[in-house]
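Student: Sequence:
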Amino acid sequence: MKKLGNYVTGRWITGDGNGQALYNAVNGETIGFASTRGLDFKAILDYARKTGNPALRKLTFHERGLMLKALALHLRNHLDKFYSISYKTGATKADSWVDIEGGIGNLFSYASLRRKFPNEPYCVDGDAISLGKGGTFMGQHILVPKEGVAVHINAFNFPVWGMLEKIAVNLLAGIPAVVKPATITSYLTEAVVQEIIASGILPEGSLQLLCGSAGDLLDHVTAQDVITFTGSASTGLQLKSHPRVLAENVPFTMEADSLNCIVLGDDVTPEMPEWDIFIKEVRREMTTKAGQKCTAIRRIFVPQNKMEDVWLALGKALSQTTIGNPENEKVRMGSLAGQSQREEVLAQVQKLLASSQIVYGSLDSVQVVDADAKKGAFMSPLLLMNEKPFDSEAVHSVEAFGPVSTIMPYSTTEEAIALAKKGKGSLVCSIVTANNKIARDYVLGAAAWHGRILVLNNECAKESTGHGSPLPMLVHGGPGRAGGGEEMGGARGVKHYMQRVALQGSPTAITAITNVYQTGAQTREDEKHPFRKYFEELQIGDTLITHKRTVTEADIVNFANVSWDHFYAHTDHTSLQGTIFEKPVAHGYFILSAAAGLFVDAKKGPVLLNYGLEECRFVKPVYAGATIGVQLTCKEKIEQEKKDENDIAKGIVKWQVEVSDETGEPVAVATILTMVAKKSQ
1 MKKLGNYVTG
11 RWITGDGNGQ
21 ALYNAVNGET
31 IGFASTRGLD
41 FKAILDYARK
51 TGNPALRKLT
61 FHERGLMLKA
71 LALHLRNHLD
81 KFYSISYKTG
91 ATKADSWVDI
101 EGGIGNLFSY
111 ASLRRKFPNE
121 PYCVDGDAIS
131 LGKGGTFMGQ
141 HILVPKEGVA
151 VHINAFNFPV
161 WGMLEKIAVN
171 LLAGIPAVVK
181 PATITSYLTE
191 AVVQEIIASG
201 ILPEGSLQLL
211 CGSAGDLLDH
221 VTAQDVITFT
231 GSASTGLQLK
241 SHPRVLAENV
251 PFTMEADSLN
261 CIVLGDDVTP
271 EMPEWDIFIK
281 EVRREMTTKA
291 GQKCTAIRRI
301 FVPQNKMEDV
311 WLALGKALSQ
321 TTIGNPENEK
331 VRMGSLAGQS
341 QREEVLAQVQ
351 KLLASSQIVY
361 GSLDSVQVVD
371 ADAKKGAFMS
381 PLLLMNEKPF
391 DSEAVHSVEA
401 FGPVSTIMPY
411 STTEEAIALA
421 KKGKGSLVCS
431 IVTANNKIAR
441 DYVLGAAAWH
451 GRILVLNNEC
461 AKESTGHGSP
471 LPMLVHGGPG
481 RAGGGEEMGG
491 ARGVKHYMQR
501 VALQGSPTAI
511 TAITNVYQTG
521 AQTREDEKHP
531 FRKYFEELQI
541 GDTLITHKRT
551 VTEADIVNFA
561 NVSWDHFYAH
571 TDHTSLQGTI
581 FEKPVAHGYF
591 ILSAAAGLFV
601 DAKKGPVLLN
611 YGLEECRFVK
621 PVYAGATIGV
631 QLTCKEKIEQ
641 EKKDENDIAK
651 GIVKWQVEVS
661 DETGEPVAVA
671 TILTMVAKKS
681 Q
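Counting along the sequence shown from 1, when you hit position 334 you're at 334 in the UniProt record's numbering, and nothing is skipped either side.
For the record, the hints were derived by calculation from the structure and aren't laboratory data.
All residues carry an ideal CB built from backbone N, CA and C; glycine is no exception.
Hints are not guaranteed to be accurate.
Claimed, not checked - Label-pair ranges, simulated between beta-carbon atoms: (1) Lys280 / Val562: 46 to 56 Å; (2) Glu63 / Phe581: 48 to 58 Å; (3) Thr136 / Glu486: 34 to 44 Å.
Assemble the whole structure, with the sequences as input and the hints as a guide.
Tutor: Following this line, the structure appears as structure tokens:
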């Protein structure tokens, strides 16, 4: 009988004894055993800190992102293996797609996010802050990778996505991970980690796996570590209160199962497309992964006068769901993850039945296809009804983590908001309505108690990713019962694994530290025009001081005619009374264009094209007769990867442009971007 391996301290080892037995959720057969007994958990964390952390910290964001991309491509070559194992968890092909390819998709998403960061191991955070009148003292925040390890304690329902969505973020941030999946489905996580380790893509020590008990792992965490937990609110609170976690002030991100809800807007009637959208959304969320999702809909709020129509429509929709062996193509809902999970769900349902009644489904029987209902962890979808939701606490606090949801009435939007809040914090809620005022009122009323809100209508339904799907670029988490944490969220998630530091010093010193030019820092001028330099030759602080140009009335008139911008402030002498202008003012875009004429080197050279403009401000009016000049400074360099072997090797250069008048005062400031070729092709 197979015994799962633990990948720790650079090798695959098994724990002592048999440990916990693992079962096929569909037929009840024993798959193997998992044990971490005898492992040195302190040594495991030390190995991550001393081996994995330094290796990742020295890589740049771009290198880490390319590492994630390579890993995603590698795992995609082994999908058949992962799917064949996933069926044993009770997941259908569609369920497994969310778990497996959804997880790999997170790797791709965070790999692409590397372009939002500099090609450095650290990054600048936010804008520079002047701290002195003379411009010689300033502040700037930076983010650096922590020197610890990310400890991920995951739930059983998504053994692949649950791991990959987390490690994608910490690896891009530059710190290693120790992953402890829920034991009941850890055999699928182990299969994926086997391929990750075999690929050799990650630096040694970047990823370790524990299949079994976490033992005394948390006894050895330090202030530089980060803990994430996905699971029940009660277990999360227990771990979050661990004495070592409290003593070391270890950041703890909890994503707990919550009583998520969906609201049918009062405007929606059976004749509207939103009605069918609502019914389909609830059915999908009740049956996908057999309802074993932390984002699944547990509470359904419906206008009082539509209760019967809704539960009858939902019952009809649920009756069309084929349940059974997930390897059968006709099956749309598989089993729960195991018999123990099924028993737990039924026990929770009994608590709910103290104040609710079943309007669809059976506690005692379920029809299955190509399977034995007694051997597998199958159960019928259960739609409950509670007619007095304000008088019942259980329906807002007891979660049956399976294909179970309760329908409840409301009278006004304010009541729907109040009922949503009774969940005391949720990962997600949805409202289906064609009325944008109803949507706005609900969102503003309920938002403080939710991590994500889906506003669903006929306009977006076809492209909607659905109520239950967290996305890598949006935050996943929620307040209160939902754990109070955040995962993913694009760059927001990366920053959870980094230390924000406020730097203070001179502009020159901070320029040298950040590799981003700070206003007032020392600059370099030489005889070679900056536009004649290749990407590798340019240095931060390279500067050109241009000759000057006097703006004339003809310039202003001609630019108005060429651009068709005849705004009164530029062209009408008689309309300036009561404005801030003394006479017709030059167009801001003319000043910027004139500045380009002053600083551009016109001959063919390394500069390939103008790539864009950002942070443009016109800070002082320019009138005819004013004389302007430009200081052009190399502000930041951004590496670009070649798309293929025929592509030009190049990078993006950000230039600080400061246009001043004859008094020396700035009239316009901007950052322009150019694409610059590399000398080495």
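Student: If a hint holds in the structure, say so; if it doesn't, say that too.
Tutor: Do the hints match the structure? See the list:
1. Lys280 / Val562: 46 to 56 Å: 55 Å, holds
2. Glu63 / Phe581: 48 to 58 Å: 51 Å, holds
3. Thr136 / Glu486: 34 to 44 Å: 38 Å, holds
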